[in-house]
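Residue numbers (our numbering), protein chains in the order written: chain U, 6 to 443; chain Z, 6 to 443.
Hints are computed from structural coordinates only; laboratory data are not their basis.
There may be inaccurate statements among the hints.
Pairs involving identical chains hold if they fit within one copy or between any two copies, as the list cannot separate such chains.
Unchecked claim - Lysine to aspartate or glutamate pairs mimicking DMTMM-like chemistry, simulated, CA-CA at most 25 Å apart: (1) K7 <-> E227; (2) K428 <-> D174; (3) K258 <-> D269; (4) K258 <-> E159.
So you can see what is in the structure, the chains are spelled out below.
Number of protein chains: 2
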Amino acid sequence: MKREMHLGAFLMETGHHLAAWRLDEVQADAGLDIHAWIRLAQLAEAACFDALFVADSVAANTGPGADRVARADRLDPLTLLPALAVATQRIGLIGTATTSYNEPYHLARKFASLDHISGGRAGWNLVTTDNAAEAGNFGRAEHYSHVDRYARAEEFHRVVTALWDSWDDASFVRDKRSGQYYDAATLRTPLHRGEHFCVDGPLNVARTPQGWPVVVQAGSSERGRELAARTAEVVFTAQASFETAQAFYRDLKQRVVAAGRDSDSLKIMPGLSVIVAPTLEEARSREAQLQALVHPEAGLALLARMIGNFDLGGVELDAPLPDLPMTDSGQRSRQQLLTSIAGNERLTVRQLYLRIAGGRGHFTLVGTPQSVADAMQHWFENGAADGFNIMAADLPGGLERFCELVVPELRRRGLFRTTYQGKTLRDHLGLQRPVRER
Amino acid sequence: MKREMHLGAFLMETGHHLAAWRLDEVQADAGLDIHAWIRLAQLAEAACFDALFVADSVAANTGPGADRVARADRLDPLTLLPALAVATQRIGLIGTATTSYNEPYHLARKFASLDHISGGRAGWNLVTTDNAAEAGNFGRAEHYSHVDRYARAEEFHRVVTALWDSWDDASFVRDKRSGQYYDAATLRTPLHRGEHFCVDGPLNVARTPQGWPVVVQAGSSERGRELAARTAEVVFTAQASFETAQAFYRDLKQRVVAAGRDSDSLKIMPGLSVIVAPTLEEARSREAQLQALVHPEAGLALLARMIGNFDLGGVELDAPLPDLPMTDSGQRSRQQLLTSIAGNERLTVRQLYLRIAGGRGHFTLVGTPQSVADAMQHWFENGAADGFNIMAADLPGGLERFCELVVPELRRRGLFRTTYQGKTLRDHLGLQRPVRER
Numbered sequence: 006m007k008r009e010m011h012l013g014a015f016l017m018e019t020g021h022h023l024a025a026w027r028l029d030e031v032q033a034d035a036g037l038d039i040h041a042w043i044r045l046a047q048l049a050e051a052a053c054f055d056a057l058f059v060a061d062s063v064a065a066n067t068g069p070g071a072d073r074v075a076r077a078d079r080l081d082p083l084t085l086l087p088a089l090a091v092a093t094q095r096i097g098l099i100g101t102a103t104t105s106y107n108e109p110y111h112l113a114r115k116f117a118s119l120d121h122i123s124g125g126r127a128g129w130n131l132v133t134t135d136n137a138a139e140a141g142n143f144g145r146a147e148h149y150s151h152v153d154r155y156a157r158a159e160e161f162h163r164v165v166t167a168l169w170d171s172w173d174d175a176s177f178v179r180d181k182r183s184g185q186y187y188d189a190a191t192l193r194t195p196l197h198r199g200e201h202f203c204v205d206g207p208l209n210v211a212r213t214p215q216g217w218p219v220v221v222q223a224g225s226s227e228r229g230r231e232l233a234a235r236t237a238e239v240v241f242t243a244q245a246s247f248e249t250a251q252a253f254y255r256d257l258k259q260r261v262v263a264a265g266r267d268s269d270s271l272k273i274m275p276g277l278s279v280i281v282a283p284t285l286e287e288a289r290s291r292e293a294q295l296q297a298l299v300h301p302e303a304g305l306a307l308l309a310r311m312i313g314n315f316d317l318g319g320v321e322l323d324a325p326l327p328d329l330p331m332t333d334s335g336q337r338s339r340q341q342l343l344t345s346i347a348g349n350e351r352l353t354v355r356q357l358y359l360r361i362a363g364g365r366g367h368f369t370l371v372g373t374p375q376s377v378a379d380a381m382q383h384w385f386e387n388g389a390a391d392g393f394n395i396m397a398a399d400l401p402g403g404l405e406r407f408c409e410l411v412v413p414e415l416r417r418r419g420l421f422r423t424t425y426q427g428k429t430l431r432d433h434l435g436l437q438r439p440v441r442e443r
Numbered sequence: 006m007k008r009e010m011h012l013g014a015f016l017m018e019t020g021h022h023l024a025a026w027r028l029d030e031v032q033a034d035a036g037l038d039i040h041a042w043i044r045l046a047q048l049a050e051a052a053c054f055d056a057l058f059v060a061d062s063v064a065a066n067t068g069p070g071a072d073r074v075a076r077a078d079r080l081d082p083l084t085l086l087p088a089l090a091v092a093t094q095r096i097g098l099i100g101t102a103t104t105s106y107n108e109p110y111h112l113a114r115k116f117a118s119l120d121h122i123s124g125g126r127a128g129w130n131l132v133t134t135d136n137a138a139e140a141g142n143f144g145r146a147e148h149y150s151h152v153d154r155y156a157r158a159e160e161f162h163r164v165v166t167a168l169w170d171s172w173d174d175a176s177f178v179r180d181k182r183s184g185q186y187y188d189a190a191t192l193r194t195p196l197h198r199g200e201h202f203c204v205d206g207p208l209n210v211a212r213t214p215q216g217w218p219v220v221v222q223a224g225s226s227e228r229g230r231e232l233a234a235r236t237a238e239v240v241f242t243a244q245a246s247f248e249t250a251q252a253f254y255r256d257l258k259q260r261v262v263a264a265g266r267d268s269d270s271l272k273i274m275p276g277l278s279v280i281v282a283p284t285l286e287e288a289r290s291r292e293a294q295l296q297a298l299v300h301p302e303a304g305l306a307l308l309a310r311m312i313g314n315f316d317l318g319g320v321e322l323d324a325p326l327p328d329l330p331m332t333d334s335g336q337r338s339r340q341q342l343l344t345s346i347a348g349n350e351r352l353t354v355r356q357l358y359l360r361i362a363g364g365r366g367h368f369t370l371v372g373t374p375q376s377v378a379d380a381m382q383h384w385f386e387n388g389a390a391d392g393f394n395i396m397a398a399d400l401p402g403g404l405e406r407f408c409e410l411v412v413p414e415l416r417r418r419g420l421f422r423t424t425y426q427g428k429t430l431r432d433h434l435g436l437q438r439p440v441r442e443r
């Protein structure tokens, strides 16, 4: 069978561009409007995307400049996705939830419930918290260190998957004649006793259509890669160029094999920030329109957040970024990426925040359907990607244009499905259903 | 305006009767089938119920006899309700979530998200955990004591409501021209520092359509009543007779007034376990059919759980219940209720578990539409209830029969609405929208 691309629709309120909410045609409060979300989900499903994806943070960003950014009011992904599940039939539903400030029992149960409700379309983007402000919402004076976060994340994954395997696929016999509802002999109670968690179990949800919801990760640090190699089935990653993407892809696939897994059991999907139009002029004009709407305070607030919550108050906009210490937040990889871009290209602060205003450091394409498809094909066929997580600059328009212009071009090239073949997210991604060992 | 009854549809997988899942016409795995849940929600909405209600537990009951009870596999309410929100337009959606093993920030956010998604129909049944087994799923060797649970619950409520009031109704100005997204001057960051919780806030969700989701409680102990008098807007309660219901109603309304509130700002809705049919013979025959399907091990498991998780292994079925110490679990009120019923009526163990197999100690009616409506009217008009939480023995059949037979009879008597007048759960219940103080 011919290898096909996997596509995720990375949905974010009004769109990924920092100023998208200010466009006339964008609904500024779309993030809280379930009907707007349903339209986006159905749009991505009509184009046969593997999944839609939503990010998360369990803290409101209300620092300097945050009042100029459309991020302080958002829906909880695990409350949003069940609503989208009943408004769609096939598309996968991937939600982010942090291992830093959650309990494994709650998350295991919620993703298992979502997998049942969606008929096997749930995915969990397992992250460690990249925002120190979250600590203060959960009774901690200080955020966990990078090392502790990853140790906790790995144990969290072990507990959650043990809970998902509490029951066998056939445990619930529900035999009306004898009155036996489940077969107690098949039950496996985790009784986990670890460094970070003690969880008895079993889970109070039957094993799910997918066995386990798909486990997605996005960490790019050394520890993030090691954890992904052992436990992830999809990795989202921010790569600024083909060369870095190819190096990342090669490195991570080697680690997967070193961990004793089939290299194809983990799909690598870089983020792709895209502005597409029938002509290059139209695409560039749309980009310029968006960039002109970036308020300097909003730009600085984004930049400060992306490099690890440094205070950039009073910084000179038209000078280079001052030297900063290395952050211990989850943004360390992103900080390295951005400071290297700024250094290599000798960007001013203003140029740097405009550079990330659209894609936050992700690979960015502004072009025609042909040029966008060319780049995607190049990455896909040369060991840099198994697919892409599509980040439209503005929503729904940017996603509509991607579906209308780029998806048909990818299909003409035989790179993307024309119809869903399977029913579950694992089917779409070509991932095996986990076997529960007896 | 004429006072009308409030009706909740208390939905529980295959129905409230312990043996309902064994009936031929009942779908035994309905609890995991979102389509079955949607049919129930739409059925209750077509009859203009104020709300549907789902209970919860964050532990699987897998003790002796549990393999004969349809309770070990269920969906998480906060994952289920958003799915039901988009499949309905008007009915309220009340979900249970414990304050004992959750974080206020997570719950505040999830119920706020549900309120946005449903257009103002969310309700939170705030409980303390009544099942000591939950402790083991959250890293605690021992369950909290009764006193600690209530102290924690009250502080939890304070934190959650402060988070819901982080933002003003008008905070999110989203002014495209100036680029101002929210008005920072209106933000109020809780910075809560308490005995059980330290939570900075603010919440990352805008203030909701209802201001606050409706706060529901179900505690009947002294501490439960005191907490409800100060903080609840709806109280669900298990009352075995008109006399006890009337005494409870009078007591709680007095406490509400003593707490400085309008007595009508808290609605009291006893559970009503009901089997209705056109004739009394048919109703009794259906009850007998269900009772005959109760397996003794299932009956004992239910009884053990209801009186506080005592081990009833080896107990003589046709003798009185042995004397037991008072439980410290959340089931203390239920234990008192059941042991007093057993003592007063000199019931054997078998008779006692059959007594609760349908309604778990809630008031139970087996009769015709007229006799059921008579009893409901009597309670409603004589200071025992503001409405009822309807517990159908089997689902969906039992709820269908209630809607077809009893609801029209209540309407003929002018006791229940014929159409929804408002849009939010607060509208249906006649509850005021909380004003956020500046």
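Taking the hints in turn, this is what the structure says about them:
1. K7 <-> E227: neither (32 Å within a copy, 68 Å between copies)
2. K428 <-> D174: For K428 and D174, only the intra-copy Cα distance (18 Å) is at most 25 Å; the inter-copy one is 42 Å.
3. K258 <-> D269: within (8 Å within a copy, 64 Å between copies)
4. K258 <-> E159: Result: close within a single copy only, 19 Å intra versus 51 Å inter.
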